[in-house]
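Those protein sequence lines, which keep their order, are chains Z and C.
Going by UniProt numbering, the first sequence opens with residue 1, and the numbers climb by one from there.
Going by UniProt numbering, the second sequence opens with residue 1, and the numbers climb by one from there.
No lab work stands behind these hints: they were computed from the structure.
There may be inaccurate statements among the hints.
Residues on chain Z that point at chain C, a partial pick, calculated with CB under 7 Å [as the list claims (entries may be wrong)]:
#	residue
1	Thr10
2	Val54
3	His60
4	Phe68
5	Glu76
Just so you know, even glycine gets a beta-carbon here, dropped at the ideal spot from N, CA and C.
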Amino acid sequence: MSYRYRDEMTPPPPERASEVAVTRFEHVYEVDPALMTEHVTQQTFPNWDTLRLVRSRAGHLAWMHAHFADKVVSGEELLDDLDR
Amino acid sequence: MPDPEKRFAEEWRDAAYNCFSSGHKFCREVCPVMQVTGNESWSPTAFHANVVAMEQGSLEVADVAADYVNCTGCGACELRCPNSLFTGDFYRFRTRTVDLVKGVRSLAVRQEVHQPAWRRWNELTAERTHEPVADGVSQERVRDWAQGLDLTVGGETILFVDCEAAFYRPSVPRSVACVLGLAGYGFGLMNEQWCCGGPAAEMGYEEQARRFAEHNLADWRASGVRRVLVLDPHDYITFTEDYPKYFGEAFDIEVVLVVELLAALIREGRLAPHVPVERTVTYHDPCRLNKRKGIWQEPREILRAIPGLTFHDVDRVSQWSYCSGAGGGLAVEKPELTAKISEMRMGKAAELGVDTLVTACPWAERPLTAAGEARSIGVVDLHELLAESLGVAP
């Protein structure tokens with residue numbers, strides 16, 4: 001509920017999720033920081049900002065579904081439609 | 001190209017090309033300025049494209065400084081940008097239009113390119129140590145709102161009150177003080193409170209902003225303050241984004257948003273709203289809480305705890321495109337544009353058939369109140385509404 005510099009600027013330790021990705025928060029994946037040192041360097045990212053984006057994305061996708069999706073179609077059904 | 005512009009273009013190059021080469025422009029749909037003007041030169045995309053042109057030596061900051069006035073700093077564009085919303089946390093690299101706009105404004109001021117109203121506003125702020133939001137603003141009167149409340153000065157926890165609330169809407173901090181007192185939550189007042197410095201930073205007067213921040217932090221340390229309560233979303237941004245940039249690890253103050261604290265006190269049973277408030281309301285998400293901090297649940301928790309209210313909610317994602325127009329210095333330099341944005345926002349409230357728009361931002365309340373008069377919709381602050389329902393309205 002409150003902001004403390006040290007808490008926000010200390011991300012949880014990364015766990016390797018794949019050859020190119022790590023995870024620090026449950027179900028939240030990040031590109032391996034080692035791959036972000038040459039062309040585009042990473043920004044300072046307090047923990048609240050990471051979580052804000054993750055939650056906003058979930059909220060936005062739910063909002064899109066609520067406003068624009070009439071039904072759920074599987075990928076398999078779409079491929080079948082193309083084959084027909 | 002002058003050196004400062006070269007350095008600036010180098011600093012923002014990646015971000016500018018990231019935007020310029022994407023070109024999806026979802027930002028335009030949610031930008032309040034774009035919604036009421038349709039001016040492409042004032043779009044978040046244009047703000048980034050200018051940096052590309054600057055890097056190539058095609059323009060200087062003096063050519064475009066006036067365009068950068070047209071931003072409320074609401075953060076809708078950078079949140080709605082797919083480079084933030086869908087990949088920002090993955091790459092730890094997101095769109096930062098608000099910082100870019102502040103950066104260009106600061107670059108302009110450093111090169112003596114001023115906007116007239118902003119220059120005067122910040123000169124007066126420097127003289128008075130507070131923003132000139134009303135007649136009689138002075139250091140001696142910054143605690144007038146607390147008269148008769150028997151609050152002490154100093155202590156481990158203090159309440160910081162923004163200039164608009166302290167001088168123009170004193171009923172808001174008085175309500176907060178009464179509600180916290182009812183819950184038995186102890187706090188004091190700041191010893192010598194200056195403006196937080198956030199507005200100066202937003203308008204490009206960065207040196208002044210830092211000077212004010214240094215004063216406030218030194219005052220807190222001298223008084224043994226460990227925790228600062230803030231009722232204003234703009235202050236919350238300043239203390240959790242600007243001050244950490246200025247002071248780094250040395251910024252060891254805990255910052256608590258009052259709305260979150262009050263929601264927690266209700267949850268814990270330490271506050272129990274019981275006086276019915278017979279109003280039909282909707283809630284305006286302050287941009288700096290909803291879009292820039294992701295804080296939207298707690299205000300709704302408070303509203304739903306107040307008996308008597310008929311609450312027509314509009315979800316927080318729809319409200320990414322809502323704004324009062326009061327932020328980012330726009331109301332100072334272009335009040336007519338702020339009024340248009342507030343009128344648009346109030347139009348959304350009118351569609352719901354409400355008699356009251358509730359918000360939690362003292363800065364939004366002045367233009368929204370003006371816009372509401374034509375539609376007979378009142379504007380009430382959330383803290384005041386809660387105080388009323390707790391029977392402690394000042």
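These are the hints, each one checked on the structure:
A hinted interface residue such as Thr10 (chain Z) counts as satisfied when its beta carbon comes closer than 7 Å to some beta carbon of chain C; here the least separation is about 10 Å, so the hint is violated. Checking Val54 (chain Z) against chain C by beta carbon gives a least distance of about 6 Å; that is within 7 Å, so the hint holds. Nearest Cβ of chain C to the Cβ of His60 (chain Z): about 6 Å, under the 7 Å cut. The hint holds. For the restraint placing Phe68 (chain Z) at the interface with chain C, the shortest Cβ-Cβ distance is roughly 12 Å, beyond the 7 Å limit, so the hint is violated.
Checking Glu76 (chain Z) against chain C: minimum C-beta separation of about 24 Å lies over 7 Å; hint violated.
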